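**Student:** So the sequence shown is numbered by this note's numbering: it starts at 741 and just counts up by one.
Note that these hints are calculated values from the structure, not bench results.
Quick caveat, the model's predicted, so the values are computed rather than measured.
From the three backbone atoms N, C-alpha and C, an ideal C-beta is built for every residue, glycine too.
A portion of the hints provided could be inaccurate.
Stated by the list, open to error - Computed cross-link-like contacts, PhoX-like style, restricted to lysine-lysine with a CA-CA straight-line distance of at most 25 Å:
id: 1; residue 1: K810; residue 2: K790
id: 2; residue 1: K831; residue 2: K810
id: 3; residue 1: K790; residue 2: K831
id: 4; residue 1: K831; residue 2: K785
id: 5; residue 1: K810; residue 2: K785
What the hints assert, rightly or not - Computed spacing ranges between beta-carbons, pair by pair:
id: 6; residue 1: Q825; residue 2: R849; range: 31 to 37 Å
id: 7; residue 1: A786; residue 2: T749; range: 33 to 39 Å
id: 8; residue 1: E764; residue 2: R800; range: 16 to 22 Å
id: 9; residue 1: K785; residue 2: S752; range: 22 to 28 Å
id: 10; residue 1: G757; residue 2: P801; range: 19 to 25 Å
id: 11; residue 1: E850; residue 2: G820; range: 31 to 37 Å
id: 12; residue 1: A816; residue 2: E771; range: 23 to 29 Å
id: 13; residue 1: E836; residue 2: T749; range: 21 to 27 Å
id: 14; residue 1: L768; residue 2: S809; range: 17 to 23 Å
id: 15; residue 1: D787; residue 2: T749; range: 37 to 43 Å
id: 16; residue 1: S809; residue 2: E772; range: 18 to 24 Å
id: 17; residue 1: F755; residue 2: A816; range: 22 to 28 Å
id: 18; residue 1: S752; residue 2: D782; range: 29 to 35 Å
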Amino acid sequence: MSLRSTDLTILSNLFKGDRALVTEWIALYLEEAPGYFQRVEDALKADDAKAMTFAVHELRPQAHYLGASKLLELLALIGGTADDQGARACKGPVEELLELARRIETELREDRAT
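Whole structure, please, built from the sequences with the hints as guidance.
**Tutor:** Below, the structure written as structure tokens:
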């Protein structure tokens with residue numbers, strides 16, 4: 741059994757256990773989040789700290805609702821580092837973030853299939 745990257749308890753509580761609303765929210769996340777992760781990656785390539793900070797800021801509430809504590813931790817680290825040292829200083833954490841985002845996407849898609 742592998743460890744989960746998400747804990748959907750927060751989302752379930754937010755929607756008072758309404759599974760249809762949880763499923764709808766997850767579908768919306770799966771549709772919109774990849775664009776924000778792409779913006780983070782693009783900002784790294786362009787060394788654009790402002791764009792990176794904006795993109796990670798937009799992802800933080802989603803990470804919270806997913807109960808994705810490691811994702812939330814990486815987003816905070818990247819945002820702070822980009823502000824203080826520039827986007828290129830975030831290369832390692834961004835790579836880790838993108839890998840985690842792929843795992844979360846797979847996890848959520850598998851959840852929807854069951």
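**Student:** Hint by hint, note whether the structure agrees.
**Tutor:** Consistency of the hints with the structure:
| no. | hint | in the structure |
| --- | --- | --- |
| 1 | K810 with K790 | holds, 22 Å |
| 2 | K831 with K810 | holds, 17 Å |
| 3 | K790 with K831 | holds, 15 Å |
| 4 | K831 with K785 | holds, 9 Å |
| 5 | K810 with K785 | holds, 23 Å |
| 6 | Q825 with R849: 31 to 37 Å | holds, 35 Å |
| 7 | A786 with T749: 33 to 39 Å | holds, 37 Å |
| 8 | E764 with R800: 16 to 22 Å | holds, 21 Å |
| 9 | K785 with S752: 22 to 28 Å | violated, 37 Å |
| 10 | G757 with P801: 19 to 25 Å | holds, 20 Å |
| 11 | E850 with G820: 31 to 37 Å | holds, 32 Å |
| 12 | A816 with E771: 23 to 29 Å | holds, 24 Å |
| 13 | E836 with T749: 21 to 27 Å | holds, 24 Å |
| 14 | L768 with S809: 17 to 23 Å | holds, 21 Å |
| 15 | D787 with T749: 37 to 43 Å | holds, 38 Å |
| 16 | S809 with E772: 18 to 24 Å | holds, 21 Å |
| 17 | F755 with A816: 22 to 28 Å | holds, 25 Å |
| 18 | S752 with D782: 29 to 35 Å | holds, 33 Å |
The earlier numbered hint that this structure contradicts is number 9, and it is the only one.
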